[in-house]
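Trainee: Chain B: place on chain A using the hints.
Protein chains: 2
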Amino acid sequence: MALPFEFTGHPAQLLRVGPGFSLAAQPCHAAPGFAGKKAAGAAALAARAPLLAQLQEQLFAESRFGGKRSLLLILQAMDTAGKGGIVSHVVGLVDPQGVQLTSFKAPSEEEKAHDFLWRVRPAAPRPGMLGVFDRSHYEDVLIHRVHGWADGPELDRRYEAINAFEAELAEAGTTIVKIMLNISPEEQLERLTSRLHDPTKYWKYSPTDLDERAFWPAYMESYQRVFDKTSTGHAPWYVVPADKKWYARLAVQEILIHALESLKLQWPSGDFDLARERLRLSKA
Amino acid sequence: MALPFEFTGHPAQLLRVGPGFSLAAQPCHAAPGFAGKKAAGAAALAARAPLLAQLQEQLFAESRFGGKRSLLLILQAMDTAGKGGIVSHVVGLVDPQGVQLTSFKAPSEEEKAHDFLWRVRPAAPRPGMLGVFDRSHYEDVLIHRVHGWADGPELDRRYEAINAFEAELAEAGTTIVKIMLNISPEEQLERLTSRLHDPTKYWKYSPTDLDERAFWPAYMESYQRVFDKTSTGHAPWYVVPADKKWYARLAVQEILIHALESLKLQWPSGDFDLARERLRLSKA
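As they're listed, the protein sequences go chains A and B.
Each residue of the first sequence is one higher than the one before, counting from 0 in numbering that gives the first Met the number 0.
Each residue of the second sequence is one higher than the one before, counting from 0 in numbering that gives the first Met the number 0.
No lab work stands behind these hints: they were computed from the structure.
Be careful, since some hints might not be right.
You can't tell identical chains apart in this list, so a pair holds if it fits in one copy or across any two.
[As the list claims (entries may be wrong)] Calculated pairs, DSBU-like style, for lysine-lysine (alpha carbon to alpha carbon, straight line, at most 35 Å):
id, residue 1, residue 2
1, K244, K263
2, K67, K36
3, K200, K243
4, K36, K263
5, K244, K67
6, K37, K111
7, K67, K111
8, K263, K200
9, K36, K243
10, K67, K37
11, K111, K36
Quick caveat, the model's predicted, so the values are computed rather than measured.
Same shape as in the complex, but just chain A (with noise of 0.2 Å):
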């Protein structure tokens, strides 16, 4: 766990969700862990990302040899809180080829008539990969339960079936990292002005955003139910303080760094006769 530069200690272990975790405790503005301001921040990533990509395309190497072994990172936040951000200058990092990304919107009709895993399942990730979901199965239980849509048995009911799901998945050889990026409702309404006085960000924005930011300690109350039932041993959530964009990015990265480490990777082999080889190659 030794971590070079401004750390003073792990975001793995910093931010990870454990017994007794209160949401409304946790500062939105700070950077565990971190000693560094802004600058020192974007170095420290810059600097590490060429380890998060090593370490990626090992596990891709790995499965071309019959690995089976997968990362799955799961985000979940309010709107603004940077998620998009995450996926482009984290995960973006990283060679695409070893990137499975899923978007989930809104479910369409077809998707409502099924159990709420029906779409996730297809999008859990091939082996090999690092599958990210932007948004995922948690909209199920977050904002059934802020709206209403869904009663107490049936929430209780959809945390087990997403325990249950999420173990398969780690049984199948699959990390699962789950994170919320915890903005705060300050910080948010500044993101949402910035968009309605940017020409290049009004499709970004929507009426709605505004709409469910009414709801902020109804999701709070969701998230912190979320986190009391499903924070396992084989897929526990972190959350993360994201009023400082570039803390949060850092923060994501040393967690996949720390998740893919764990897995004690190594370059394959290959499965052929390297001198025969070398010696073909000679004559070719």
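Mentor: Below, chain B without anything else, positioned relative to chain A:
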């Protein structure tokens, strides 16, 4: 078509396959249209990347408001020519959320039981997306001609089917850019050798690479035939010298920028009442 830096001509013009094109007459080691060396090429690639990223974002944004347009980059080449490098170093510089990458491997039994375009059609890019085919339906004419797996009439049928398929895509709003990375056999030998002397690259080597290498002249004939039959106004081929990786990346980036600029993309204005939303926000 104005280009900064050491450009002396536009790759989209210089490398485009037109009437009378001869693959055998094309240099592999040259850098057409660029007067600089490797360092200048890398600098130009980095300097132009934000423009490509912005154009891609505009294409994506347009689709959120009903836009149907998309871009499809088709990559074909001999082994080691650098398709993967184009994906990671050119496509990898745009937001992964706007990229839809499909790597076509040897077809499965199920795929073989269908027409060769059966597996390709569903991989066409969705509106707003930058689709990338790493190999493609062209394998079904290239390699099949080399190994005699399809006879002359069948190959002719496939060229026609490909042209009809690509015309359909173009009609539906997809701009198609077809790239052949043109590596020399000497350079391939060097790259294969380096893969066999670097344990982090063993996994990329396959003995079949060397088997196929023996058919080099037949492959070049197959490519020539493909260019003769399928370089159309709506889906042109570009043959990119690929012995210098830095040049190939730079050239493909400029060809993509050129294709996207031809779409005259604009930032969407959004589908809401700007003044009203600003007022709502100010009270939020």
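Trainee: Decide, hint by hint, whether the structure agrees.
Mentor: Structure-based check of each hint:
1. For a Cα distance limit of 35 Å, the shortest separation of K244 from K263 qualifies both inside one copy, at 30 Å, and across copies, at 32 Å.
2. Proximity of K67 and K36 under a CA criterion of 35 Å is satisfied in neither setting, with 39 Å inside one chain copy and 42 Å between copies.
3. Taking the shortest alpha-carbon separations for K200 and K243, only the intra-copy value of 19 Å comes in at or below 35 Å, while the best inter-copy value is 38 Å.
4. For the homomeric pair K36 and K263, the shortest alpha-carbon distance inside one copy (31 Å) is at most 35 Å, but the shortest distance between copies (40 Å) is not.
5. Both within a single protomer and between protomers do K244 and K67 lie at most 35 Å apart by alpha-carbon distance, with minima of 33 Å and 32 Å respectively.
6. Neither within a single protomer nor between protomers do K37 and K111 lie at most 35 Å apart by alpha-carbon distance, with minima of 43 Å and 53 Å respectively.
7. In this homomeric assembly, K67 and K111 come within 35 Å of each other (Cα to Cα) both inside a single copy, at 31 Å, and across copies, at 25 Å.
8. Taking the closest pair of Cα atoms, K263 and K200 come within 35 Å of each other only across two copies (18 Å); inside a single copy the shortest separation is 42 Å, beyond that limit.
9. Taking the shortest Cα distances, K36 and K243 sit within 35 Å of each other inside one copy (10 Å), while across copies they are farther apart (40 Å).
10. In the homo-oligomer, the alpha carbons of K67 and K37 never lie at most 35 Å apart, since the shortest distance is 38 Å inside one protomer and 39 Å across protomers.
11. In this assembly of identical chains, the alpha carbons of K111 and K36 never lie at most 35 Å apart, being 45 Å within a copy and 56 Å across copies at closest.
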